[in-house]
Amino acid sequence: MYTAIMILVVMAGIGTVFGFILAFANKKFSMEVNPLIHIVEDVLPKGQCGACGYAGCMAYAEAVVLNQEVPPNLCVPGKDVVAKAVAELTGKAAEKVEPRVAHIRCRGTVDKATSSYEYKGIEDCAAASLVQGGPKGCKNGCVGFGNCVGSCPFGAMSMGDKGLPIVDMKKCTGCGACEAACPKKVIQMISMNAHVKVDCNSKDKGAVARKVCTVACIGCGICAKNCSYGAIEIKDNLAVVDHKICAEKCSEATCFAKCPTKAIGVAHQLKVSESINLKATV
Amino acid sequence: MKEYLALFIGSVIVNNFVLTRFLGLCIFFGVSKSLNASLGMGMAVTSVITLSSILAWLVYNCILLPLGLTFLKTIVFVVLIASFVQLLELIIKKQAPALYNMWGIYLVLIATNCIVLSVPILSVESNYGFGMSTVFAIGSGLGFALALVLMASLREKLVYADVPKALEGSGVAFIVAGMLSLAFLGFSGMI
Chain A
1 MYTAIMILVV MAGIGTVFGF ILAFANKKFS MEVNPLIHIV EDVLPKGQCG ACGYAGCMAY
61 AEAVVLNQEV PPNLCVPGKD VVAKAVAELT GKAAEKVEPR VAHIRCRGTV DKATSSYEYK
121 GIEDCAAASL VQGGPKGCKN GCVGFGNCVG SCPFGAMSMG DKGLPIVDMK KCTGCGACEA
181 ACPKKVIQMI SMNAHVKVDC NSKDKGAVAR KVCTVACIGC GICAKNCSYG AIEIKDNLAV
241 VDHKICAEKC SEATCFAKCP TKAIGVAHQL KVSESINLKA TV
Chain B
283 MKEYLALFIG SVIVNNFVLT RFLGLCIFFG VSKSLNASLG MGMAVTSVIT LSSILAWLVY
343 NCILLPLGLT FLKTIVFVVL IASFVQLLEL IIKKQAPALY NMWGIYLVLI ATNCIVLSVP
403 ILSVESNYGF GMSTVFAIGS GLGFALALVL MASLREKLVY ADVPKALEGS GVAFIVAGML
463 SLAFLGFSGM I
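Just so you know, the protein sequences line up as chains A and B, in that order.
Here the first sequence is numbered in the working numbering, starting from 1 and rising by one per residue.
Here the second sequence is numbered in the working numbering, starting from 283 and rising by one per residue.
Mixed in with the good hints, there may be bad ones.
Said to hold, decoys possible - When the alpha-carbon atoms are kept at most 30 Å apart in a straight line, the in silico DSSO-like pairs for lysine-lysine are as follows:
{"hint": "1", "chain 1": "A", "residue 1": "Lys139", "chain 2": "B", "residue 2": "Lys376"}
{"hint": "2", "chain 1": "B", "residue 1": "Lys375", "chain 2": "A", "residue 2": "Lys139"}
{"hint": "3", "chain 1": "A", "residue 1": "Lys46", "chain 2": "B", "residue 2": "Lys284"}
{"hint": "4", "chain 1": "A", "residue 1": "Lys27", "chain 2": "B", "residue 2": "Lys375"}
{"hint": "5", "chain 1": "A", "residue 1": "Lys46", "chain 2": "B", "residue 2": "Lys376"}
By construction, these hints were calculated from the structure, which means they are not laboratory data.
Source: prediction; values computed, not measured.
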């Protein structure tokens with residue numbers, strides 16, 4: 001009988017002591033949480049996809065509520081509906097969600113790009129890249145084993161017969177899974193409204209780039225000179241387009257006309273660009 | 283001093299909790315996919331084991347032993363550890379948000395883990411003194427972290443290996459863990 005009573009006393013005692021300690025700590029160490037964060041989180045799709053650049057929907061809700069500089073339109077799967085709701089809740093200006101698609105910045109098919117050795121290992125881009133930067137002559141180009149194809153959750157990518165992946169624009173949601181899967185950073189998400197695109201990722205000097213691939217960007221800068229809005233810049237021997245300036249200001253793109261290797265071109269596949277004036281292509 | 287050292291090395295390597303006693307296996311397979319996560323988890327487990335086993339030692343020797351209620355240790359330790367982890371989470375969240383961001387998700391996982399419970403139980407069953415039980419706890423935590431880091435490093439390399447389709451993922455991880463455990467079995471009898 002004594003033991004039974006002691007068990008009750010000890011267990012109840014320990015439980016009560018810890019209960020009080022926890023209650024006290026909860027009060028003492030409580031964090032003021034902005035209730036708006038939870039409201040915003042409820043609006044988000046809660047797919048936890050991370051396309052906004054945050055660890056999850058909760059992290060994005062926290063950032064968008066607390067930080068004035070975080071825009072309300074980062075949620076890609078939520079599209080305009082969510083962007084609008086978040087903007088309303090946080091009192092920020094509602095901007096449209098830029099629809100994005102995957103863009104493969106390489107045209108170095110087997111007949112156009114040289115290869116520096118024959119690779120006979122595991123068919124995986126990351127593994128192949130570990131061996132002297134991959135079998136391709138161009139060390140920044142597509143390795144061609146299709147890590148991106150395997151990573152696409154929407155089945156929007158397939159491997160073309162010439163060693164480069166192909167994106168199905170109708171299926172691509174712009175989630176960015178392939179961008180993360182590519183060890184060479186060949187794939188980039190670009191806005192569907194983009195007018196022009198650079199189909200090359202080579203950061204080598206012009207002569208070197210030309211030697212290993214006939215369609216490489218050689219960083220000559222002719223496109224940058226032909227752009228009247230300063231939207232093109234040469235960074236590391238590679239033309240980089242600021243798609244924002246490009247889409248907002250330019251209606252008659254001429255930058256790509258004189259490209260010696262045709263590394264920069266019209267973003268044909270993208271819906272809006274079809275309506276812009278393409279005289280310069282002729 | 284000598285026995286402290288022997289106990290420490292014993293708990294880190296010879297009697298490694300994961301690889302020779304097979305405890306804490308769920309975190310071992312769950313968090314060993316990337317090296318960074320396994321480092322964070324290893325540190326979190328080490329600190330929780332150490333602090334909770336100090337607490338458990340005090341409760342056992344000051345309350346349970348004098349009252350003759352040692353058979354209650356399992357249930358008391360479960361309550362102790364669960365509330366202690368909660369407390370630790372609250373404190374870290376407020377005092378060190380950076381640490382919380384790194385450990386926060388692991389702390390909750392640890393609260394109900396067998397390795398955290400088994401260390402205080404084993405140390406009171408072996409009648410360790412306060413110093414010995416603390417050293418034992420630190421050693422066990424570090425041993426767990428070591429096993430986790432070794433496994434994570436292997437699994438990061440394993441991604442590039444040509445694994446038969448049927449064994450991809452968990453299958454090959456189990457095989458690797460088995461071989462790792464065999465290797466650690468080679469230490470047995472050292473102390």
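Hints, one by one, checked against the model:
Pair hint Lys139 (chain A) plus Lys376 (chain B) does not hold up; C-alpha atoms about 47 Å apart against a cutoff of 30 Å. With a CA separation close to 45 Å, the supplied pair Lys375 (chain B) and Lys139 (chain A) exceeds the 30 Å bound. Straight-line distance between C-alpha atoms of Lys46 (chain A) and Lys284 (chain B) comes to about 55 Å, which puts the hinted pair past the 30 Å bound. Restraint check for Lys27 (chain A) and Lys375 (chain B): satisfied, since their Cα atoms lie roughly 13 Å apart, inside the 30 Å limit.
Restraint check for Lys46 (chain A) and Lys376 (chain B): satisfied, since their Cα atoms lie roughly 26 Å apart, inside the 30 Å limit.
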